[in-house]
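Trainee: My request is simple: use the sequences and hints to build the entire structure.
Read off the chains here:
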Amino acid sequence: LAKTTQPISMDSYEGQEVNITCSHNNIATNDYITWYQQFPSQGPRFIIQGYKTKVTNEVASLFIPADRKSSTLSLPRVSLSDTAVYYCLVGDMRKTGANNLFFGTGTRLTVIP
Amino acid sequence: DAGVTQSPTHLIKTRGQQVTLRCSPKSGHDTVSWYQQALGQGPQFIFQYYEEEERQRGNFPDRFSGHQFPNYSSELNVNALLLGDSALYLCASSLDAGGSYEQYFGPGTRLTVT
Numbered sequence: 001l002a003k004t005t006q007p008i009s010m011d012s013y014e015g016q017e018v019n020i021t022c023s024h025n026n027i028a029t030n031d032y033i034t035w036y037q038q039f040p041s042q043g044p045r046f047i048i049q050g051y052k053t054k055v056t057n058e059v060a061s062l063f064i065p066a067d068r069k070s071s072t073l074s075l076p077r078v079s080l081s082d083t084a085v086y087y088c089l090v091g092d093m094r095k096t097g098a099n100n101l102f103f104g105t106g107t108r109l110t111v112i113p
Numbered sequence: 114d115a116g117v118t119q120s121p122t123h124l125i126k127t128r129g130q131q132v133t134l135r136c137s138p139k140s141g142h143d144t145v146s147w148y149q150q151a152l153g154q155g156p157q158f159i160f161q162y163y164e165e166e167e168r169q170r171g172n173f174p175d176r177f178s179g180h181q182f183p184n185y186s187s188e189l190n191v192n193a194l195l196l197g198d199s200a201l202y203l204c205a206s207s208l209d210a211g212g213s214y215e216q217y218f219g220p221g222t223r224l225t226v227t
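In order, the protein sequences belong to chains A and B. Going by my numbering, the residue at position 36 of the first sequence is 36; the numbering climbs one at a time, nothing skipped. Going by my numbering, the residue at position 78 of the second sequence is 191; the numbering climbs one at a time, nothing skipped.
Hints were generated in silico from the structure; no laboratory data involved. Note that the Cβ used here is the ideal one computed from N, Cα and C, for glycine as well. Treat each hint with caution, since some may be false.
[What the hints assert, rightly or not] Have a look at the derived ranges for each label pair, beta carbon to beta carbon:
1. A:Asp67 - B:Asp209: 24 to 30 Å
2. A:Ser41 - B:Glu166: 27 to 33 Å
3. A:Asn25 - B:Phe173: 25 to 31 Å
4. A:Ala28 - B:Ala193: 35 to 41 Å
5. B:Asn172 - A:Ile112: 33 to 39 Å
6. A:Glu58 - B:Ala193: 33 to 39 Å
7. A:Ser74 - B:Ala151: 26 to 32 Å
8. A:Leu80 - B:Gln154: 20 to 26 Å
Mentor: Set out below in C-alpha cells:
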C-alpha cells in the first residue's frame, strides 16, 4: 500500500502560487497519483491526476519527478475560495485488497486576504 | 448530466437501530465506492461495488453492508448503530477503465447516532 505523507496545514496570501508536496515512497509501478479538494460538508472534488512528469489542467499543475516517490500540486494565484483541504492519493483503482484507497488527513490550505 | 446524488442529506438515528443510505452514480459510471468521514479526518474507504458485487473492502465490520443494483445505484446499510458511526458518509462513482483514479463524489449523508 502506497500511503502518503503531506503537510498538515499551509497558509498563503491571495494571488500567490501554492505548492503542496506529497511523499509516497512505496508507490507501485501501476499506481496513479491523484489530488482531491474538499470544502467543509462537501464531498471531495477531483483536481488532477498524473502518472509521471508534468500534468496541467485549467485548475492546477502536478509535478512528478522521475522516481515518482513524491509529487507536488501547484495552484497558481490562489484566491480565498481555494481555502480547503487537499488530499493526495496514490493507487490503482482496479487493484483488489483492503485499504487500497487511502486519503489520509490531507493538507488544510488557508488563503489569507 | 446529473452528478452523484445521495439521499438522505441528514439522518438522526438511535444506538442499535439500522440505517440505509442511497447513492445514484454519475451517468455512465459503473463503479460505486462508499467512504466514512469522521469530523476532521480524511475519508476512509468502506467498500466498492462493481457489477453488483463487492469488489474491495476496507477495515470495517460486517455491520456495514452494501448492495449495487442493475442500474448501478447503490445502498449502504449499517446495522446495530454505535455512537462512533456518526459521520459523513460519502458515495463516489467512477468508470472501471485503465486504472484511472478519478472518482466523482456526492455531497454525502450526515449521520448522527444518539
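Trainee: Give a verdict on every hint.
Mentor: Hints, one by one, checked against the model:
Between Asp67 (chain A) and Asp209 (chain B) the Cβ separation comes to about 29 Å, which falls inside the hinted range of 24 to 30 Å. Checked against the hint of 27 to 33 Å, the pair Ser41 (chain A) and Glu166 (chain B) passes, with Cβ atoms roughly 31 Å apart. The hinted range of 25 to 31 Å is satisfied by Asn25 (chain A) and Phe173 (chain B), whose Cβ atoms lie roughly 27 Å apart. Against the hinted window of 35 to 41 Å, the Cβ-Cβ separation of Ala28 (chain A) and Ala193 (chain B) comes to about 37 Å, which satisfies the hint.
Evaluation of the 33 to 39 Å hint for Asn172 (chain B) and Ile112 (chain A) yields a pass: the beta carbon distance comes to about 38 Å. Taking 33 to 39 Å as the suggested C-beta distance range, the pair Glu58 (chain A) and Ala193 (chain B) does not conform, at roughly 46 Å. In this structure, Ser74 (chain A) and Ala151 (chain B) meet the distance hint of 26 to 32 Å, their C-beta atoms being roughly 30 Å apart. Between Leu80 (chain A) and Gln154 (chain B) the CB atoms are about 24 Å apart, so this pair conforms to the stated range of 20 to 26 Å.
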